[in-house]
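Engineer: So the chains spell out like this:
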Amino acid sequence: MKKIIEGSLALAEAVKLCRPHVVSAYPITPQTHIVENLAQMVADGELKCEFVNTESEFGAASVVLGASAAGARAFSASSSQGLLLMAEVLFNIAGMRLPVVLACANRSVSAPINIWNDQQDAAALRDAGLIQFFAEDNQEVHDMIIQAYKVCENPEICLPALVNLDGFILTHAFEPVEICDQKLVDEFLPPYRPANYLSVDKPMTFGALFEPTWYQETRYRIQQTMEEAKPLIEEVSKDFEKTFGRFSGGLLEKYRMENADTVFVSMGSVVGTIKDAVDELRKGGEKAGVLKVRVFRPFPTEAITEALEGVKNVIVMEKMISLGAGGILASEIKNAFYKNPQAPDVSNFIFGLGGRDIPLESILEAYAKVKKQENRDVFVDLRKEALEVTY
Amino acid sequence: MADKTEKKEKPPVVESFLAPGHRACAGCGVALAARLALNAAGQNTIVATATGCLEVFSTPYPESAWKVPWIHSLFENPSAVAAGIEVALKALGREGEANIIAQGGDGATADIGIGCLSGMFERGHNILYICYDNEAYMNTGVQRSGLTPFDSHTTTSPSGSVSWGNRTEKKPLPQIAAAHGIPYVAVATAGYPMDLQNKVKKALGIKGPKYLQVHSPCPLGWAYKPEDTIEIGRLAVLTGLYPIYEMENTEITKVRKLGKKRQPVEAYLKPQGRFRHLFSKPEGKEEIKRIQKIADGNIERFGLV
Chain A
99 MKKIIEGSLA LAEAVKLCRP HVVSAYPITP QTHIVENLAQ MVADGELKCE
149 FVNTESEFGA ASVVLGASAA GARAFSASSS QGLLLMAEVL FNIAGMRLPV
199 VLACANRSVS APINIWNDQQ DAAALRDAGL IQFFAEDNQE VHDMIIQAYK
249 VCENPEICLP ALVNLDGFIL THAFEPVEIC DQKLVDEFLP PYRPANYLSV
299 DKPMTFGALF EPTWYQETRY RIQQTMEEAK PLIEEVSKDF EKTFGRFSGG
349 LLEKYRMENA DTVFVSMGSV VGTIKDAVDE LRKGGEKAGV LKVRVFRPFP
399 TEAITEALEG VKNVIVMEKM ISLGAGGILA SEIKNAFYKN PQAPDVSNFI
449 FGLGGRDIPL ESILEAYAKV KKQENRDVFV DLRKEALEVT Y
Chain B
8 MADKTEKKEK PPVVESFLAP GHRACAGCGV ALAARLALNA AGQNTIVATA
58 TGCLEVFSTP YPESAWKVPW IHSLFENPSA VAAGIEVALK ALGREGEANI
108 IAQGGDGATA DIGIGCLSGM FERGHNILYI CYDNEAYMNT GVQRSGLTPF
158 DSHTTTSPSG SVSWGNRTEK KPLPQIAAAH GIPYVAVATA GYPMDLQNKV
208 KKALGIKGPK YLQVHSPCPL GWAYKPEDTI EIGRLAVLTG LYPIYEMENT
258 EITKVRKLGK KRQPVEAYLK PQGRFRHLFS KPEGKEEIKR IQKIADGNIE
308 RFGLV
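Sequence order for the protein chains is A and B. First residue of the first sequence: 99, per my numbering; consecutive thereafter. First residue of the second sequence: 8, per my numbering; consecutive thereafter.
For the record, the hints were derived by calculation from the structure and aren't laboratory data. If you're wondering where the values come from, they're calculated on a predicted model, not measured in any experiment. Virtual Cβ for every residue (Gly too), placed ideally from N, Cα, C. All clues given are correct.
Label pairs and their computed distance ranges (CB to CB): (1) B:T147 / A:M302: 24 to 30 Å; (2) A:P288 / B:P233: 50 to 56 Å; (3) A:E400 / B:E22: 52 to 58 Å; (4) B:R101 / A:F272: 36 to 42 Å; (5) A:M302 / B:K268: 40 to 46 Å; (6) A:D475 / B:A186: 55 to 61 Å; (7) B:E129 / A:P253: 35 to 41 Å; (8) B:P233 / A:N212: 53 to 59 Å; (9) A:M99 / B:E102: 32 to 38 Å; (10) B:G148 / A:D475: 44 to 50 Å.
A few chain B residues that face chain A, going by a derived Cβ cut-off under 7 Å, partial list only: (11) V63; (12) I92; (13) A95.
Hey, can you work out the whole structure from these sequences and the hints?
Structural biologist: Below you can see the structure in the form of structure tokens.
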């Protein structure tokens, strides 16, 4: 059924369809509408689950950890400072191999405090052992939640996922979204039946102390699992298409990449604007394309190098930065091409931080700069007045 | 209000669900209290434990001393993890499968985990939280916590030429717990094992959040002889420094009276190295008087004589 709904509701509808046993909630802008929608569904009897209002995001993450360890399908959501407050628990959930799915309404990180969108919050959790998806639009958000559970709960994976959607730009935007059919979701995503969970029938110890003789292998195994998750994510995307008649993308999405010599690489909602820019450029005879990174962890190194084979210029446009090092996505793409003689020229543009608007012109300008081989690792649209201020 | 429960009581359960062979120090009050508590709770119990000595000494992978389903996540979240377990069992139709106990040391409970603990109380989860109070961060090497007593020497509240050790009194955690309106709050000590077990059993018979704080002597951190754990536990009570009592729905319903067994605080302080500095200088007498005042205050407040 197609409905014109807010992104947060599209996400909540998907969560409801997955029949979670436990949802934990703590408010933070711009995530709040997600848990508000779920709370209303519970209040209206549409969603039968335990809905827990916690005292902090740290508590919210801890509640879903405990629930998942007890054998429940669990969901929570956060954003920015809240996600960072969850950080300790999220590393723990991953280390304990619990397939919790969380949503992140991407928002900048304080200070200075700013409630608007960039992707710095998710970037801060890149090393936590979470599978990280980034959605371009609200249909993708809806579909990703269902696919995330399917991937995470696979007995070979058992890792948590973070489904990222840009704060406000997606969470608060109304778009037509095809809501999945409950019967089909039930077929696609069978009830969660973990091999190990807390039960008096089979007492087990979870979260034991690992001394140096044991710890390192746990990291190795998560790294291995991340590698194994890549083909599985592709496979689950195809299964999803078979069941629902809609392909919403695997690790990557290619847009007008045919014969492209210059390709934009980006994540999240801004890809829509970049696609428009590419349409403009193509109209003018330019050979431009877009490569959308849908899955940030595991990082689809092989798929990216394959997709960009023969491309001359790669323009990475990202809303995250490792302060003191530079653009994160760009550095990972450069790394993917290390020692590859066919490596493209990679430029890095940081933009849209703290909700700064990204007009089409800025993207075209970046393209022009790359073509002219000038200023290729820069912040886009810096305001002179703001730079001159003494804090 | 006299506590006569000890006389009525059956012998303690023989089977132990915290197996021997773990790595706790000789004379560890936490190991003793945790074993007594779990044995009183029985096999149908799921336990969430905070990071700390108890978790470290009982679960060096691939070994585990726990014969019940047991989970450790982080330092500050056993109450929230237990809350997740409790709601999961409800949602999965497994409510009533097990008692749920969350437990941690005084640092995990009174300091870093108090937010999650308060959330667990306020939301009304059917969980017994047990705080093993050894009055400092022992696992990291005896640092001060919010439950470290006045004048105690710890590595971060050391006594010195211009200091008598910890400058603050214990955070009144049982009262803070009771102020949430939870149905049952109790204080016990490893020094009175049967009383401790009775309180666990009573707590588990009550629906809703329960808080039990157990005075758990630490031979290493308190610097006394390992064989004196029970004695130290009793002296804490008999001096009035650690009153043991029960509260139901915010009212004190039972206290252990001291009667003729009442002791001056020196009897408790002197055997412990953490209070040694009070006896090494003549001015220490004034400090001991201040501690006696704390005990006298407790005795009056809880009606211990």
